[in-house]
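Below are the chains, spelled out letter by letter.
2 protein chains.
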Amino acid sequence: MRSEGILIVVSGFSGAGKGTLMKRLVEKYDNYALSISATTRVPRPGEENGREYFFLSREQFEKRIADHALIEYADYCGNYYGTPRDYVERELSLGHDVILEIEIQGALKIKEQYKDALLLFVTTPNAEELRRRLSGRGTETEEVIKKRLRRAAKEAEGIEKYDYIVINDDLETCVKELHGIISAARHAPGRNEEFIEKMRRDLEGE
Amino acid sequence: MRSEGILIVVSGFSGAGKGTLMKRLVEKYDNYALSISATTRVPRPGEENGREYFFLSREQFEKRIADHALIEYADYCGNYYGTPRDYVERELSLGHDVILEIEIQGALKIKEQYKDALLLFVTTPNAEELRRRLSGRGTETEEVIKKRLRRAAKEAEGIEKYDYIVINDDLETCVKELHGIISAARHAPGRNEEFIEKMRRDLEGE
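Protein sequence lines, in the order shown, are assigned to chains Y and H. Its first residue numbered 28, the first sequence is counted upward by one per residue in our numbering. Its first residue numbered 28, the second sequence is counted upward by one per residue in our numbering.
What the hints contain is simulated information worked out from the structure, not anything from laboratory work. Be aware that one or more of the hints could be misleading.
Only some residues are given here: those of chain Y computed to face chain H with a beta carbon under 8 Å [to be verified]: (1) I92; (2) I131; (3) S210; (4) N219; (5) L230.
All residues carry an ideal CB built from backbone N, CA and C; glycine is no exception.
Can you make the complete structure from the sequences, with help from the hints?
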């Protein structure tokens, strides 16, 4: 039914498991392409240019901003992060569904430019579970956990801007639900204009 | 995630196989309740009151109109057809997803009253297949088939008013798609207001 891919923006609380979900989704189904962000931050050990991120200098990044080569970008803790337009548009035109993992401001900027983008919000089943997962990492102080929970409370204000909300309780169930939601979106009339037009023409001709 | 059921309105071309689809959907999954229409037409041999239709006299039907006991109704070929409100609302409050099979005017009347209703349009893969299915019944004259195709052309004008369009090529595939679309709808923020509110309250408390 479709020709062009769907642009999927995934946001959610830090600790809700977005990264694992996206990885599993791409592994399990072959229609997805995971977008790679550009950043000016220094690569961490083990990170590879073009795999985790495209690592750019500030000058390179700012040239891309000026060239409108980024769909959205943000300055976070003194480093730029952004979504390269060329990769996204090429993959969409090939009929692949492109997934971006991004926070709410970026998500809304994307929706402005791609009105058919599907905005998904991932959450834990409840707040205690979020706290448990953030603590469970064992690497953070109580102060950092508190700060993340406050940030989550802030992020929760924007949930209604999303098209769908998905609860990540069991990973496999959640991956199936995400895939189901994206598959359903293919049936929107706006994504089937050619089919509808042809049907109309042919029915008039009958 | 949900408490109240989803109201599902199914329309589509005569010959697209709506009836068979609905029957199979209700057989295969246990969350659906099929709404039964009220009508003033005379029962056909084998039809039972409360199974195919609620058979009413014109007086009874008009009293129901006056009492706002019908969500929508239409006068078609001299007989009334309508959707009883009590059954639909009872089933929704029990958390069942209620399916109505209805044409576009009725579908839009329902959307006015139930803004969360899900409007689905069923079509054949193309116009030739629709003609084939209408002819295949073998019971209709060429004139009747032409008339139905013209009606289909008219119905096709309203497809964009529907939330989703489903192609009935293979029955089982189509039933799964319908179920997938309805399952995805449960993830809309508007259907999860309680969950979102609780999450917010609890995050603020953390």
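Tested hints:
Because the beta carbon of Y:I92 sits about 32 Å from the nearest beta carbon in chain H, more than 8 Å, this interface hint is broken. At a threshold of 8 Å, the smallest CB-CB gap from Y:I131 to chain H is about 13 Å, leaving the interface hint violated. Contact between Y:S210 and chain H, as hinted, is supported at the beta carbon level, the nearest pair being about 6 Å apart and thus within 8 Å. Interface hint status for Y:N219: upheld, as the beta-carbon distance to the closest one in chain H is roughly 6 Å, under 8 Å.
A distance limit of 8 Å between C-beta atoms decides the matter here; for Y:L230 the minimum to chain H is near 4 Å, and the interface restraint holds.
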